[in-house]
Structure formats: C-alpha cells, structure tokens
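**Q** The primary structure of each chain is shown beneath.
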Amino acid sequence: MREALRKRAAALAAGAAALALALPLLAANHPGSRENFAIIERGRYLTVAADCAACHTDPHQSTAFAGGRPIETPFGVVLAANITPDRDTGIGGWTDRQFDTAVRQGKLPDGKRLYPAMPYPYYTKMSREDVLAIRAYLNTLPPVHNDVDSNQLPFPFNIRSAMWLWDALYFSPGSFKADPAQSDIWNRGAYLVEGPGHCGACHTPKTFLGGDKTRLQFQGYSIQGWFAPNITNDEAHGLGRWSNADVAEYMKKGHNRIAGASGPMGEEVADSSSQMTEADLNAIATYLKARSGQTLAASSVAVNDPMMVAGAAIYQDLCSACHRGDGHGVPYLIPDLATSSTAASREPTTLIRVVLRGAQTVATKDEPTGPAMPSFGWQLTDAQVAAVATYIRNSWGHAGPVLTEDEVRKARGNLAARND
Amino acid sequence: MTNLSRRDLLAATALVIVSETVARAGVVSGQLPWHPDAGSPPEAVRPGAWQFFTEQEAAAVEALADRIIPPDPQTPGGKDAGCAVFIDRQLAGAYGHRQGLYTRGPFVKGIKEQGPQSAQNPAETYRAALAALDRYCKSKEGGKSWIELPGERQDELLHAVESGTVELEGIDTKSFFETLLKDMQEGFFADPIYGGNRDMCAWKMIGFPGARYDYRDWVGRHNERYPYPPVSIAGRPDWTPKKT
Ligand code: HEC
Ligand code: HEC
Ligand code: HEC
Chain A
0 MREALRKRAA
10 ALAAGAAALA
20 LALPLLAANH
30 PGSRENFAII
40 ERGRYLTVAA
50 DCAACHTDPH
60 QSTAFAGGRP
70 IETPFGVVLA
80 ANITPDRDTG
90 IGGWTDRQFD
100 TAVRQGKLPD
110 GKRLYPAMPY
120 PYYTKMSRED
130 VLAIRAYLNT
140 LPPVHNDVDS
150 NQLPFPFNIR
160 SAMWLWDALY
170 FSPGSFKADP
180 AQSDIWNRGA
190 YLVEGPGHCG
200 ACHTPKTFLG
210 GDKTRLQFQG
220 YSIQGWFAPN
230 ITNDEAHGLG
240 RWSNADVAEY
250 MKKGHNRIAG
260 ASGPMGEEVA
270 DSSSQMTEAD
280 LNAIATYLKA
290 RSGQTLAASS
300 VAVNDPMMVA
310 GAAIYQDLCS
320 ACHRGDGHGV
330 PYLIPDLATS
340 STAASREPTT
350 LIRVVLRGAQ
360 TVATKDEPTG
370 PAMPSFGWQL
380 TDAQVAAVAT
390 YIRNSWGHAG
400 PVLTEDEVRK
410 ARGNLAARND
Chain B
0 MTNLSRRDLL
10 AATALVIVSE
20 TVARAGVVSG
30 QLPWHPDAGS
40 PPEAVRPGAW
50 QFFTEQEAAA
60 VEALADRIIP
70 PDPQTPGGKD
80 AGCAVFIDRQ
90 LAGAYGHRQG
100 LYTRGPFVKG
110 IKEQGPQSAQ
120 NPAETYRAAL
130 AALDRYCKSK
140 EGGKSWIELP
150 GERQDELLHA
160 VESGTVELEG
170 IDTKSFFETL
180 LKDMQEGFFA
190 DPIYGGNRDM
200 CAWKMIGFPG
210 ARYDYRDWVG
220 RHNERYPYPP
230 VSIAGRPDWT
240 PKKT
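So the sequence lines, in the order shown, correspond to chains A and B.
Just so you know, numbering that gives the first Met the number 0 puts the end of the first sequence at 419, numbered straight through with nothing missing.
Just so you know, numbering that gives the first Met the number 0 puts the end of the second sequence at 243, numbered straight through with nothing missing.
Treat the hints as calculated values from the structure; they're not laboratory data.
Bear in mind the structure is a predicted one, so any value in this text is a computation, not a measurement.
Note that the Cβ used here is the ideal one computed from N, Cα and C, for glycine as well.
There's no promise every hint is true.
Listed next, with one range per pair, are the computed distances between beta-carbon atoms [stated by the list, open to error]:
#, chain 1, residue 1, chain 2, residue 2, range
1, A, W377, B, T74, 16 to 24 Å
2, B, A93, A, P58, 35 to 43 Å
3, A, D405, B, A93, 32 to 40 Å
4, B, S174, A, W377, 55 to 63 Å
5, A, S221, B, G38, 23 to 31 Å
6, A, S298, B, Y214, 34 to 42 Å
7, A, W377, B, T102, 26 to 34 Å
Listed next, the stretches of chain A that the computed footprint assigns to chain B, with coverage defined by at least 3 CB atoms under 8 Å from CB atoms of chain B [said to hold, decoys possible]:
#, region
8, 85-97
9, 299-308
10, 315-326
11, 353-364
Taking lysine-lysine and the DSBU-like style, the derived pairs with C-alpha atoms no more than 35 Å apart in a straight line are [to be verified]:
#, chain 1, residue 1, chain 2, residue 2
12, B, K108, B, K181
13, A, K176, A, K111
14, A, K409, B, K241
15, A, K106, A, K212
16, A, K409, B, K242
17, B, K139, B, K111
Excised from the complex, chain A in its bound form (with noise of 0.2 Å):
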C-alpha cells in the first residue's frame, strides 16, 4: 500500500511535469487553453473517482497506468491495459470514439470484445464528455513502452468472441439518465456510484459466469479473498445503522467510528475515495443510504450450544483486550463488531480471513496509524475459529448461522494460496 502511495505520489508529478510540457503545445495548437486545463483537470479527478489506477498501474512497477497488474476473475487472471499514449502499446493511437466505446461498450478498435475484468458495464453509465476528459488528462501522461498480453485465461474462457455472448447476457449499455423525482445530490450520488466509481463490481453479487444479480444490487459479494459487505441501507447486514456522515468519514479517512477499511477496500479508499471532494462523497452517501435492501430473517444460535460457550471463552481471552467486551470496539481504531456489517453478514469470508489471517486497515492522510489485528491462525484450532467465529456473529443483536470447523478449514486452504 505504502508502495502503491508513493508511486501514486510519483506518477502524479509526472503528471503535473508532462502538463507542464503539454501546456505550451496545447497554446499553440488549441486557442482556449484556459478550457482545456478546466478539461484536463476534470479528467483526471474523474480518473481518480474511477480508480482506474487500481487495474491500469502495476503496483510492483513504477509506472502509471502502463498496465501488467493482473486482474483475478473468477475464471482466471486477465492482464489490465497499458493506457498511457503511446503509440505502439498503449492509447496513443486511438481516436477519442474508439477510446470511448472501450471504456463504455466494452469493444476494441477492431470490434473485438474486452472481458468484463475491465468495468465497462458501469463505465457505460458515465457521460461521454466525461469519458474524453479522461482521455485527455491520460493524453497528458508519458507514453510507456510496455506491451500488455491482457488475455491469460485458460480455455475455454480465452476466447475474447465467446464475449458476445456474455455482453448479450449481463451487459446494458447506455449512459445514467436522472431521476427528476430525486434531488441533485441523490442523482449525482447514483451516477458516481453506478458509473465511474463501480462500486457494484465488487459489491453486488453475481452469477456463476461472473454478471451482476441485479436484483441484488449493491447487497454484498466475496472477491479476492474478501467480503464485500452489503451496503445498502439494510439494518442488519448494510449501512442501516450509520449515519450519511459515517458513510462520507469512512470513504474519506478509510476509518469512522465503527469500521475501517482494508484489502481491496483499502486500496480502493488510498488511491480513489480519499481524494474525492467532500461534496461527492455525501452525495454517494445520501444515495446509498437511500437504497433499501432485503433484510433477511434469521434467528440466533442459542447462548448455550456448545459452539457459543467456547466462542464466548475465546473472545473473553483472545478478543475483548482490543474489541471490548461490549464489541464496540474504540472509534476510529478497533472495529465496533457489534455494529459491523463484516460480523453482521452470512458471508463468513472476511471474518474467517481476519482472525486466521490478521488485517491492517488503509493509513490515510486523516487517519495515518493504520492500525491491524493480530493474527491467530497459529494460535486457535479451526473448530475454534468457527466457535469466535459463530460467537461474533450471534452477539450483540448480531444473528448467524453457526459456522463449520469444515467451513474454516477449507478458508485456510484457500487463503494458503494467496499471499496478501
């Protein structure tokens, strides 16, 4: 993450040292140079509200957007993009239409079709003058050599024209149209949501092949060994129980009184929420606190089954020093487990990972400690992984199915292979 911040850090001088280069050119040749800086800025905020950073820039070099980082899929790794202008790997020989029915139909120069790794379905809500804004802050960057082979899925996915059939199934393309019914800021938080910041790529769930379940929406979806929460408005397992200004805190600092960010939301908070304006990050609160969700009707395990009592045990020793015995943890340090949506959910991906694991969440320039929980993989059984694990999810008003010592030991498998 540090790594990813610093080369942020130094591909935005880049930035700034090829507009400086750029500017006197963009004189010469284009007499409203005022505008075109107005463009280029817009461009690249909106850049940075779409994140496409996240993808485009490989954290491991040290070049923006030149590509290379690889993007999992539930059926295999697929290459992002080099899109810095050069001409020979990256954008630079595109026109501005060929550039904007990629990023918002999801089809290359020659009609060949992108894999939805790349979040074109949500893309295609944005404006189109807000796709050429991109354009034009990417057409300020310096051209990379690098050439990207995208495509390393196995077969049969690896073949780019089965996408058709994909973008017949799950893809509908047409830009956000507003909801006169709605307030500005309601409309301006749903195009930010729905569109460039892609929120439902990771937070709505999906089909087997990979497309949203759009009835669903916004209701919670494991990626990358991570449980995207619901975040809909839902009392027990969305935003029901934060306020619009814990929603803005949150994406804003990565921390608020109840939660903090980490893995992909971590990063998704470094390098794109974080630096949105205040104005922007109420109006994707008011929208998503606006949202209902289905709240589900469960019933808890009872205190006395034996999964309880030893869980019970566990937190009292393992767990209350830092999350209290109360669960609310201390604001803006240690997760409020009684009010996380992370214990909250059927989803037990995130809450096996942490404790197995451990987890820091996102440092950011408001709240720069960035603090992380221990891990106990080492230390507790996975019977007794489930047994925390069923305790946390059936306290404090939380209820959950009990968990399986099956159930961790086949996330430990799984997390095994990963190494973040």
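Given chain A, work out where chain B with the ligands should sit, using these hints.
**A** Relative to the frame of chain A, chain B with the ligands by itself:
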C-alpha cells in the same frame, strides 16, 4: 590538503563509510509494514519420548523434581507437573547448547556477575552432574543409586549439596544446584506449551490468570477476586467446543 596523514585519510574514509551506512538505514513512512500471518509464534514442545535424558537420567531428575517441589493434596509435585519434561526439552534445545552465547575460552572462574564460565554447556553439565550424583550415592549410601534412596535421605543430601557441605566429584556442586533449582521453578511456572506446569497447575495454585491480553478493567477494582481462570498460550480447555 598538504599535510594529510595516513591516519587522517583512514579516519576520513571511515567517516564516509559510516555516514554511507547511516544514510542507507531504512525510513518507514506512510503505513507501518505489515505481513499476513505475521508473528513468530512460540514452538510448543512435542510430547513423547525423552529428547535429551536417558531413561535413567530422567528417573533421577523426576525424583529430584518431587523433592524440590513436593506434591500436596491440591497441587501435583514437580514430577507430575512435568518439570523433568521441561528440562529435557530445554537441554535438547537452545539452552542446553548455549546457542547464541560466547562459548570459547579462556575458562577462568569469574565473579558471580560474570555468569557461568564453564567449558561445559548446560547439557553436558547435567549429564556429568547426574552421573556424579549416582557415583556419590553408590559410594556413600551403601551401593544405592540416587533414586533408590528414601525420600528423607534424598532431602538431607540435597540440603547438604545446597549448603556446599557435599561436593560431587568434578562438579561445581553449589552452582549446579542453583541451576537445577532455577530450572525446576521455570518448568513449574512456565507456560504449559513448554512441557511443565501441566494443566496450568502452578498458576491455579497461586491464582495467576496466565497469558491474558489486558487487565485494564481490573486495575481499579481492589479486594475483589479476579473471576477468570488461567489461560495458556495454547488456550484453555473451555476454548474447544464440547461435542454434543
Ligand atoms: C477493475 C480493474 C479495472 C479498472 C478499475 C479499469 N480497468 Fe481498464 N482494463 C482492465 C483490464 C483487465 C483490461 C484488459 C481487458 C481485456 O483485455 O479484455 C482493461 C482494458 C482497458 C482498455 C483497453 C485497452 C487495450 O489496449 O486493450 C482501456 C482503454 C481501458 N481499460 C481504460 C480504462 C479506464 C479509462 C479506466 C478508468 C475509467 C479503467 N480502464 C479502469 C481493468 C480495469
Ligand atoms: C475492489 C473492490 C471494491 C470496490 C470497487 C468498492 N468496494 Fe467497498 N468494500 C470492499 C470490501 C472488500 C469491503 C470490506 C472491507 C473490510 O472488511 O475492511 C468494502 C467495504 C465498504 C464499506 C464499509 C461497509 C461496512 O459495513 O463495513 C463501504 C461503505 C463501501 N465499501 C462503499 C463502497 C463504495 C461507495 C464504493 C464505490 C465508490 C466501493 N465501496 C467500491 C470492496 C470494494
Ligand atoms: C490488538 C488488538 C486486536 C485484537 C486482540 C483483536 N482484534 Fe480484531 N481487529 C483489530 C483491528 C485493529 C481490526 C481492523 C483490521 C482490519 O479490518 O484490517 C480488527 C478487525 C476485526 C474484524 C473485522 C471487522 C470488520 O468490521 O471488518 C473482526 C471480525 C475481528 N477483528 C475479530 C477479532 C477476533 C475474533 C479476535 C480474537 C480472536 C480479535 N479480533 C482480536 C484489533 C484486534
């Protein structure tokens, strides 16, 4: 630059090298480094056969353990608590071989503060001392070995060893006894994952709550009994869900 001596040159070079090294020291900025599964967990001893002692030596050490920490109705003695197992694993490991310590000569008897100055490591010392103890008993106690002596006689002998009135042949007897006493106590009170303190018996005896994280809630609560049972690094029995 006229009068630069060899010495100045060397000093200057050293300075350059030093400042080079200092300049290369890592600076952590932004977020603290973090790794998944971080931590260097302690290694629990493996149960089973003796790793250092012979059967005979082990029996002698177990008898010593029960004389130094005798059982009573509430608490097992040193033998049942596993003190001999603890010492066995320690002698088979880093402690027994003085890993990480300076072990070459000269071997001159030093003052107390200078610590052990022996050419022998603790493993060798134990082996030699246990053999010398048996030789002593055989010659002075009517041909009986140490473990064959009645308990009261063992106690008398140990008192004599402790006070220095009995010298075991070729052994710094007083200092061996000090080591033995310390190792027994460590075995009795150390976390059970190291082989002694079976079922946290020693902690239960003195009311020590074990390897707990945090006592802040209790700092201000005087004259009140702390309600939680002791917990080892490996947990406590309540951590394991009962089978239904
Ligand atoms: C979640 C990861 C992800 C994000 C975020 C993302 N991309 Fe991509 N992008 C990809 C991947 C992966 C590919 C390669 C897909 C393929 O080859 O089918 C790609 C391909 C592209 C291409 C086609 C380039 C080529 O030469 O094939 C363009 C243009 C592009 N992205 C632009 C953008 C822009 C602009 C943004 C931000 C608005 C963005 N991407 C954000 C993952 C991402
Ligand atoms: C790359 C995947 C990804 C993207 C894109 C993403 N999120 Fe997340 N999000 C996650 C994960 C994973 C978590 C859980 C983080 C944790 O457990 O610390 C999360 C957590 C959150 C939370 C906290 C929920 C809680 O109850 O703790 C909020 C709010 C949130 N995301 C909002 C958003 C919004 C708004 C967007 C779009 C602007 C977005 N996320 C985009 C993966 C993502
Ligand atoms: C040293 C303090 C500390 C201890 C002890 C501790 N935690 Fe944590 N815990 C944290 C911190 C800090 C985080 C935030 C880390 C993150 O999400 O990246 C956290 C996060 C979590 C989360 C994720 C919460 C969320 O909303 O995303 C769960 C679940 C959790 N801890 C459970 C436990 C359990 C179970 C134990 C005991 C076995 C435990 N913790 C012990 C500090 C601690």
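**Q** If a hint holds in the structure, say so; if it doesn't, say that too.
**A** Okay, the hints, checked on the actual structure:
no., hint, verdict
1, A/W377 - B/T74: 16 to 24 Å, "violated, 30 Å"
2, B/A93 - A/P58: 35 to 43 Å, "holds, 39 Å"
3, A/D405 - B/A93: 32 to 40 Å, "holds, 38 Å"
4, B/S174 - A/W377: 55 to 63 Å, "violated, 38 Å"
5, A/S221 - B/G38: 23 to 31 Å, "holds, 26 Å"
6, A/S298 - B/Y214: 34 to 42 Å, "holds, 36 Å"
7, A/W377 - B/T102: 26 to 34 Å, "holds, 32 Å"
8, 85-97, "violated (count 0)"
9, 299-308, "holds (count 3)"
10, 315-326, "holds (count 7)"
11, 353-364, "holds (count 6)"
12, B/K108 - B/K181, "holds, 21 Å"
13, A/K176 - A/K111, "holds, 28 Å"
14, A/K409 - B/K241, "holds, 22 Å"
15, A/K106 - A/K212, "holds, 23 Å"
16, A/K409 - B/K242, "holds, 21 Å"
17, B/K139 - B/K111, "holds, 31 Å"
In this structure, the hints that do not hold are numbers 1, 4 and 8, in rising order.
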